[in-house]
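J.: Chains as they are written, first to last, in our numbering: chain W, 114 to 439; chain C, 3 to 295; chain D, 107 to 476.
Take the hints with a grain of salt, since some may be wrong.
[What the hints assert, rightly or not] The list that follows gives simulated cross-link-like pairs (lysine-lysine, DSS-like), each with its CA atoms no further than 30 Å apart: (1) K205(W) - K336(W); (2) K336(W) - K217(W); (3) K407(D) - K463(D); (4) K463(D) - K115(C); (5) K330(D) - K126(D); (6) K283(D) - K115(C); (7) K288(D) - K218(D); (8) K298(W) - K115(C); (9) K171(D) - K288(D); (10) K283(D) - K273(D); (11) K115(C) - K314(D); (12) K85(C) - K257(C); (13) K126(D) - K115(C); (14) K259(D) - K115(C); (15) K283(D) - K463(D); (16) K330(D) - K314(D).
Please keep in mind that the hints were generated in silico from the structure rather than gathered at the bench. Keep in mind it's a predicted model, so treat the numbers as computed, not measured.
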Amino acid sequence: MLIATLFSSDPLSFVSGKAKPLCQWRLKLLFENAVTMIERLQTYLPRLVLSPSFVLILLFVYGFIAFTGYLSVSDSRMLPSLGFVGLENYEKLFSLRHWSIALKNLAIFGILYIVICTVIGLGLAILLDMKIRGEGVLRPIYLYPMALSFIVTGTAWKWFLDPGIGLENVMHLWGWESFSFNWIKSREMAIYTVVLAAVWQSSGFVMAMFLAGLRGIDNEILKAAQIDGASNWQLYRRIVIPMLRPAFLSAFVVLAHLAIKAYDLVIALTNGGPGRATELPATFMYSYSFTRNQMGIGASSAVIMLMMIASIIIPYLYSELREKKT
Amino acid sequence: MSAASKDTALRTGVIARALIYSILLVFAVFYLLPLFVMLVNSLKTLDEIRQGNMLAFPEVFTFEPWIQAWGEAQIGVEPTGLKPYFINSLVMVVPAVIISTLLGAINGYVLTKWQFRGHRVVFGLMLFSCFIPFQIVLIPMARILGILDLAGTTSGLVLVHVVYGLGFTTLFFRNYYDAFPTELIRAATIDGAGFFRIFRRILLPSSGPIIVVTVIWQFTNVWNDFLFGASFADFDSQPMTVALNNLVSSSTGVKEYNVHFAGAILAALPTLIVYVVSGRYFVRGLMAGAVKG
Amino acid sequence: MAFLEINRLHKQYGSVEVLKGVDIAIEEGGFLVLVGPSGCGKSTLLNTIAGLESISSGEISIDGKVVNDLHPSKRDIAMVFQSYALYPSMSVGENIAFGLEMRGVSKADREKAIQGVAGMLQIEHLLKRRPGQLSGGQRQRVAMGRALVRDPKLFLFDEPLSNLDAKLRVDMRTEIKRLHQKLGTTIVYVTHDQIEAMTLATQIAVLKDGILQQVGSPDEVYSKPANMFVADFMGSPTMNLIEARIENGGGSLSVEIPQRDRSLSLPVPQPPTSLQSYSGRSVVLGIRPEDITDLDGADPKAEHIAHANCSVEVVEPTGADTFVVTQLGGKEVTGRMRSANGLSVGADVPFAFNMGKIHFFDPATELRIA
Numbered sequence: 114m115l116i117a118t119l120f121s122s123d124p125l126s127f128v129s130g131k132a133k134p135l136c137q138w139r140l141k142l143l144f145e146n147a148v149t150m151i152e153r154l155q156t157y158l159p160r161l162v163l164s165p166s167f168v169l170i171l172l173f174v175y176g177f178i179a180f181t182g183y184l185s186v187s188d189s190r191m192l193p194s195l196g197f198v199g200l201e202n203y204e205k206l207f208s209l210r211h212w213s214i215a216l217k218n219l220a221i222f223g224i225l226y227i228v229i230c231t232v233i234g235l236g237l238a239i240l241l242d243m244k245i246r247g248e249g250v251l252r253p254i255y256l257y258p259m260a261l262s263f264i265v266t267g268t269a270w271k272w273f274l275d276p277g278i279g280l281e282n283v284m285h286l287w288g289w290e291s292f293s294f295n296w297i298k299s300r301e302m303a304i305y306t307v308v309l310a311a312v313w314q315s316s317g318f319v320m321a322m323f324l325a326g327l328r329g330i331d332n333e334i335l336k337a338a339q340i341d342g343a344s345n346w347q348l349y350r351r352i353v354i355p356m357l358r359p360a361f362l363s364a365f366v367v368l369a370h371l372a373i374k375a376y377d378l379v380i381a382l383t384n385g386g387p388g389r390a391t392e393l394p395a396t397f398m399y400s401y402s403f404t405r406n407q408m409g410i411g412a413s414s415a416v417i418m419l420m421m422i423a424s425i426i427i428p429y430l431y432s433e434l435r436e437k438k439t
Numbered sequence: 003m004s005a006a007s008k009d010t011a012l013r014t015g016v017i018a019r020a021l022i023y024s025i026l027l028v029f030a031v032f033y034l035l036p037l038f039v040m041l042v043n044s045l046k047t048l049d050e051i052r053q054g055n056m057l058a059f060p061e062v063f064t065f066e067p068w069i070q071a072w073g074e075a076q077i078g079v080e081p082t083g084l085k086p087y088f089i090n091s092l093v094m095v096v097p098a099v100i101i102s103t104l105l106g107a108i109n110g111y112v113l114t115k116w117q118f119r120g121h122r123v124v125f126g127l128m129l130f131s132c133f134i135p136f137q138i139v140l141i142p143m144a145r146i147l148g149i150l151d152l153a154g155t156t157s158g159l160v161l162v163h164v165v166y167g168l169g170f171t172t173l174f175f176r177n178y179y180d181a182f183p184t185e186l187i188r189a190a191t192i193d194g195a196g197f198f199r200i201f202r203r204i205l206l207p208s209s210g211p212i213i214v215v216t217v218i219w220q221f222t223n224v225w226n227d228f229l230f231g232a233s234f235a236d237f238d239s240q241p242m243t244v245a246l247n248n249l250v251s252s253s254t255g256v257k258e259y260n261v262h263f264a265g266a267i268l269a270a271l272p273t274l275i276v277y278v279v280s281g282r283y284f285v286r287g288l289m290a291g292a293v294k295g
Numbered sequence: 107m108a109f110l111e112i113n114r115l116h117k118q119y120g121s122v123e124v125l126k127g128v129d130i131a132i133e134e135g136g137f138l139v140l141v142g143p144s145g146c147g148k149s150t151l152l153n154t155i156a157g158l159e160s161i162s163s164g165e166i167s168i169d170g171k172v173v174n175d176l177h178p179s180k181r182d183i184a185m186v187f188q189s190y191a192l193y194p195s196m197s198v199g200e201n202i203a204f205g206l207e208m209r210g211v212s213k214a215d216r217e218k219a220i221q222g223v224a225g226m227l228q229i230e231h232l233l234k235r236r237p238g239q240l241s242g243g244q245r246q247r248v249a250m251g252r253a254l255v256r257d258p259k260l261f262l263f264d265e266p267l268s269n270l271d272a273k274l275r276v277d278m279r280t281e282i283k284r285l286h287q288k289l290g291t292t293i294v295y296v297t298h299d300q301i302e303a304m305t306l307a308t309q310i311a312v313l314k315d316g317i318l319q320q321v322g323s324p325d326e327v328y329s330k331p332a333n334m335f336v337a338d339f340m341g342s343p344t345m346n347l348i349e350a351r352i353e354n355g356g357g358s359l360s361v362e363i364p365q366r367d368r369s370l371s372l373p374v375p376q377p378p379t380s381l382q383s384y385s386g387r388s389v390v391l392g393i394r395p396e397d398i399t400d401l402d403g404a405d406p407k408a409e410h411i412a413h414a415n416c417s418v419e420v421v422e423p424t425g426a427d428t429f430v431v432t433q434l435g436g437k438e439v440t441g442r443m444r445s446a447n448g449l450s451v452g453a454d455v456p457f458a459f460n461m462g463k464i465h466f467f468d469p470a471t472e473l474r475i476a
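With the hints as extra help, turn the sequences into a complete structure.
T.: Rendered as structure tokens:
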């Protein structure tokens with residue numbers, strides 16, 4: 114406004130010689146146009162500010178997904194190539210023994226990882242919620258593995274489970290000569306060591322989620338249930354655990370998507386071995402795309418992984434965002 | 003989480019209580035064991051590890067493995083130790099965290115306080131990007147980094163971590179600002195403050211906690227990343243995790259377990275320190291990342 | 107032209123119309139209270155005056171200038187919010203001066219302005235504190251200070267007292283009234299509390315479902331409600347609304363209230379001509395609790411008191427008065443008695459009806475007849 118009065122007041126007409134009303138009017142119009150321009154800009158500014166991030170996401174996430182999707186139906190081998198081959202790569206993929214091993218391992222690993230983490234997490238949370246002295250010390254101990262890199266976790270467990278120097282050796286030294294624990298060297302059992310290390314890393318986090326859920330339950334409900342005559346066991350089974358439904362759901366979604374993405378831990382712990390006994394889809398994709406020069410097959414395995422995660426995440430996000438709306 | 007345990011009025015006997023405490027202690031041992039093993043054995047000589055008990059304290063303390071791991075161990079072809087890679091990681095983490103946090107803050111601000119038609123879709127698309135298996139972007143990313151002449155560089159890794167961290171940082175700030183009273187924005191609008199001024203003067207000064215949560219989250223994730231580092235980095239940009247893996251899994255020569263353990267602790271140290279110093283915020287970040295919407 | 111004029115204002119969210127053609131005008135120095143139940147559109151109306159929400163059609167002008175497309179900061183208004191909306195990261199002084207700072211007022215002038223306002227509101231000792239360290243009443247004062255310091259043309263208040271406890275609310279109400287009288291500012295004030303509306307306003311506008319029901323002085327709205335909604339909304343306890351019939355008994359009208367055994371007939375003194383055409387038809391009779399009393403408690407100045415026996419169903423002492431509930435025309439009817447009246451439940455006692463202050467409404471249109 115101040116500038117507007119400056120523009121249309123005397124000093125300007127002095128500069129331009131004789132003040133012509135028309136000229137003033139024109140200038141004022143010009144200025145008002147500029148003002149509306151600025152106000153227009155103000156209304157688009159938020160979108161403008163958001164757009165770099167949005168473009169990055171569109172390009173680097175959804176564009177790349179589309180690109181990989183196309184590669185999965187192309188004849189790419191060492192380098193991306195655009196020759197269309199239909200679903201040939203998918204057919205090859207599902208006839209590969211490595212891929213079926215990877216899927217079977219993912220099933221074993223995923224189910225055990227989710228179930229064991231949930232059981233331990235829920236159990237520890239319930240116990241910790243019983244007015245435990247020293248909760249402030251125990252809780253951080255349960256949780257710290259989550260701060261570590263899977264590579265560190267893998268390194269620690271790799272040598273600890275090594276029969277030559279680790280647990281087995283310790284038991285022998287303590288006099289338990291017949292003790293044998295060589296899972297990490299065994300084709301059949303190696304995948305369970307991956308479960309062990311992954312549970313070690315993530316179960317504390319699940320505990321924290323359940324603990325937050327428990328602390329969010331209205332205490333008066335528990336008192337009411339006790340007045341109704343519920344025993345501790347009934348209290349948890351009938352009242353508390355059903356009320357933790359959202360925490361169960363969140364834990365499941367987080368753990369499932371971590372399981373499907375699991376890569377670093379296997380690399381550090383077993384490097385997919387012995388042989389290919391601990392191959393998972395993530396390690397499969399990497400080796401087929403970048404070391405075995407089968408990029409088309411690698412891309413199709415990545416698409417399958419995405420579809421697995423999407424089938425879990427999209428319904429979850431959809432319900433979460435919709436709840437938020439109401 | 004910080005609130006004291008509520009009076010659940012649960013009656014538990016002495017025996018039950020003893021049982022509860024022993025279970026909790028057993029699990030504490032389980033979680034601490036690997037850290038203990040790493041720490042104790044990183045201070046032993048190699049001979050002592052080979053012939054001794056992995057769970058025993060060292061008979062002869064030695065810092066040699068630490069010195070080795072930091073400055074002398076053979077990684078790849080050069081006997082450089084982990085030091086240069088530690089620096090690589092730092093140089094990568096700092097800008098990646100700052101940029102993604104800033105972008106997340108401004109995105110969260112727009113998505114809550116300046117909503118436009120379709121803001122829900124935009125947020126949904128950003129949110130889903132948090133969960134994609136990164137295998138799906140590896141091949142095109144490698145191409146693009148090549149085209150941008152960023153292949154094998156720290157800048158390239160920073161770009162990657164910014165892009166794939168945006169979903170989470172935006173989520174954190176969006177949820178935080180969603181609870182921020184809109185009346186404050188209205189008051190500031192009447193007072194004459196514009197888009198950026200409201201952000202800088204009204205929202206940012208109240209964003210301390212969520213900035214801490216986001217920075218810790220991003221720092222932990224970027225520092226601990228292995229896949230992108232292994233896929234897109236060169237010798238002079240390889241992060242700590244990749245170097246550690248190379249050190250541990252190198253198939254040549256004797257396995258220097260003590261050096262491996264020292265190296266693993268070195269790789270874990272920054273995130274562990276962050277966790278110890280501000281565990282509360284770390285947990286809050288984990289929760290915010292898990293419980294969405 | 108009035109100081110604030112709102113003409114044919116419409117506001118739509120998508121297909122939902124929240125304001126359906128509102129016309130209000132207020133003179134300079136007036137105190138307009140927008141009142142109505144929640145969801146009636148009163149806050150939306152206030153926000154459109156502030157410019158925080160755009161309007162779909164119509165016109166808003168302040169001091170002769172159409173402000174439809176003007177940014178909130180350029181309308182020369184100040185607003186006090188329900189949550190007070192104090193900036194949590196700034197001290198009280200900075201909060202008060204933020205609007206001036208945004209307008210480029212120098213630091214020295216800002217200091218002076220802060221001191222002036224702080225003195226007026228007696229918050230000098232709070233200037234260095236953060237909003238988080240203040241009590242509810244103190245925050246309320248700071249929020250008012252932030253509005254006052256700007257010396258705007260128009261003040262907007264959005265339910266400013268609803269977050270205070272009952273006693274403080276009464277105190278602050280008096281304080282706001284005093285400030286208005288002292289400063290002579292023009293105020294638009296939103297509340298759902300009809301007592302606040304009555305005590306503060308020079309003009310009350312009653313809204314329901316986005317439609318303006320009545321605008322008028324507090325006395326007009328209270329004693330001549332335009333329709334049954336306004337009659338019911340203003341006043342506490344609410345006006346008794348009883349279905350009844352108008353009977354023409356040889357030139358004089360009476361109102362018949364059907365009862366279980368015999369219908370109750372009350373004479374209508376000086377019936378307005380508009381009521382004549384309703385003779386023989388049903389109407390809704392409105393009578394406020396204070397116009398139904400015990401015989402001794404009837405207004406000595408009232409000219410037309412009718413007596414009738416009613417049976418006492420509930421007795422609610424409030425200290426100063428006692429509310430007595432009885433049945434009339436199949437509806438609960440509340441009367442207001444002197445406190446020490448010794449009424450007991452079930453007793454059949456004479457009630458005095460002040461027939462000079464009764465209201466009639468058309469049962470179909472719900473509009474006021476007389």
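J.: Take the hints in turn and mark each one as holding or not.
T.: Verification of the hints:
no.	hint	result
1	K205(W) - K336(W)	60 Å, violated
2	K336(W) - K217(W)	46 Å, violated
3	K407(D) - K463(D)	12 Å, holds
4	K463(D) - K115(C)	52 Å, violated
5	K330(D) - K126(D)	24 Å, holds
6	K283(D) - K115(C)	34 Å, violated
7	K288(D) - K218(D)	20 Å, holds
8	K298(W) - K115(C)	56 Å, violated
9	K171(D) - K288(D)	26 Å, holds
10	K283(D) - K273(D)	16 Å, holds
11	K115(C) - K314(D)	29 Å, holds
12	K85(C) - K257(C)	20 Å, holds
13	K126(D) - K115(C)	27 Å, holds
14	K259(D) - K115(C)	28 Å, holds
15	K283(D) - K463(D)	29 Å, holds
16	K330(D) - K314(D)	17 Å, holds
Hint violations for this structure: numbers 1, 2, 4, 6 and 8, all remaining hints satisfied.
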